[in-house]
Amino acid sequence: MKTENTNENLISEYAKDPKRGFEQIYRTFADRLVQYAVHSFRLSAEEGEDAVHEALLPWVQDPLKMREVKNLRAYLYASLRNACLKRAGQARSGVMPEDMAAAEGPDIHLQADVANALSRLPEDQRETVYLKIWGDMTFAEIAELQNVNLQTVASRYRYALAKLKEILQWNP
Amino acid sequence: MESMNNKDPFESFLEKQSFSEKASDSLRSRLETSASWNRPWWKNPTTIAFMAACLIVVVSFLLLLVARSATKPLVKPMAEQVPVFEEPVSTPPEIIAQNGKSSPLSPFQQHLEDAEPEFNLSFIDRPVNFMQARREYADLI
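Chains as they are written, first to last, in the numbering used here: chain A, 1 to 172; chain B, 1001 to 1141.
Source of the hints: derived by calculation from the structure; they are not laboratory data.
This list has only true hints and no planted wrong ones.
Simulated crosslink set (DSS-like; lysine-lysine; CA at most 30 Å straight-line):
{"hint": "1", "chain 1": "B", "residue 1": "K1022", "chain 2": "A", "residue 2": "K16"}
{"hint": "2", "chain 1": "B", "residue 1": "K1022", "chain 2": "A", "residue 2": "K163"}
{"hint": "3", "chain 1": "A", "residue 1": "K86", "chain 2": "A", "residue 2": "K19"}
{"hint": "4", "chain 1": "B", "residue 1": "K1016", "chain 2": "A", "residue 2": "K165"}
{"hint": "5", "chain 1": "B", "residue 1": "K1043", "chain 2": "A", "residue 2": "K19"}
{"hint": "6", "chain 1": "A", "residue 1": "K86", "chain 2": "A", "residue 2": "K70"}
{"hint": "7", "chain 1": "A", "residue 1": "K65", "chain 2": "A", "residue 2": "K19"}
{"hint": "8", "chain 1": "A", "residue 1": "K19", "chain 2": "B", "residue 2": "K1022"}
{"hint": "9", "chain 1": "A", "residue 1": "K86", "chain 2": "A", "residue 2": "K65"}
{"hint": "10", "chain 1": "B", "residue 1": "K1007", "chain 2": "B", "residue 2": "K1022"}
Just chain A, with the same shape it has in the complex (with noise of 0.2 Å):
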């Protein structure tokens, strides 16, 4: 609920005003926008940046236009994902999540675990755990957005979380 009146704030503060409404929904999005290129289409960064530049060019270059969005988060995710699928089937170059583990710190490692077992999982499995439980949407929302129906949605979460658990060999 508070990121949904977010999301509404954040599309009023924008009719009202287009120049700050845009700062604070780059703020609130592109670094999640950019990870979610990254990590469900394996982008390279690079490719996921474009990929975000691509959706979000819109909200800069048309404000009259894309106030009338309803549903913020689900629009960004939306567009983004029709720019990374565009780039999806090109050559992939660049740093990819499996080279992460190279960074320092403990926390970093596990981040590159999660990045690395999140790249093992078919796509569909991998975009619909990637945006439910990092891009805090709903079932609902991922299903109009892959264009398949709820139950679909709910099993490929159920598959892709066991899978995770068992790349992982994660124990509670």
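Let chain A serve as the given structure and place chain B on it in line with the hints.
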């Protein structure tokens, strides 16, 4: 659905694993340079194209008007001719017939006046009640 709402500890564990990728400054600056609020309208190609199209239409229209007026023959338009003002006729109408000064009656009225009354239209002997009326007009009923 109920089971979905209960948070799996594994989900909580995953949520804590925040990723480290950050949107770079170059992404921000690229977006800022494309922003409509940072670009004056005269640098907007869409606005320029629209204004150029409008200008072309207006100039073409004016040229068309000039061309049409140049080819027209120099005839004074009807609207510019001053209408001739006709004075209303003030003379009295010609007298076609007039009664004689001595008698105000017309010849026909005079004739009726002079002639003996041929019939009497007075209703002095009209039926006074219903029964008399039935008797009087029995042949008409």
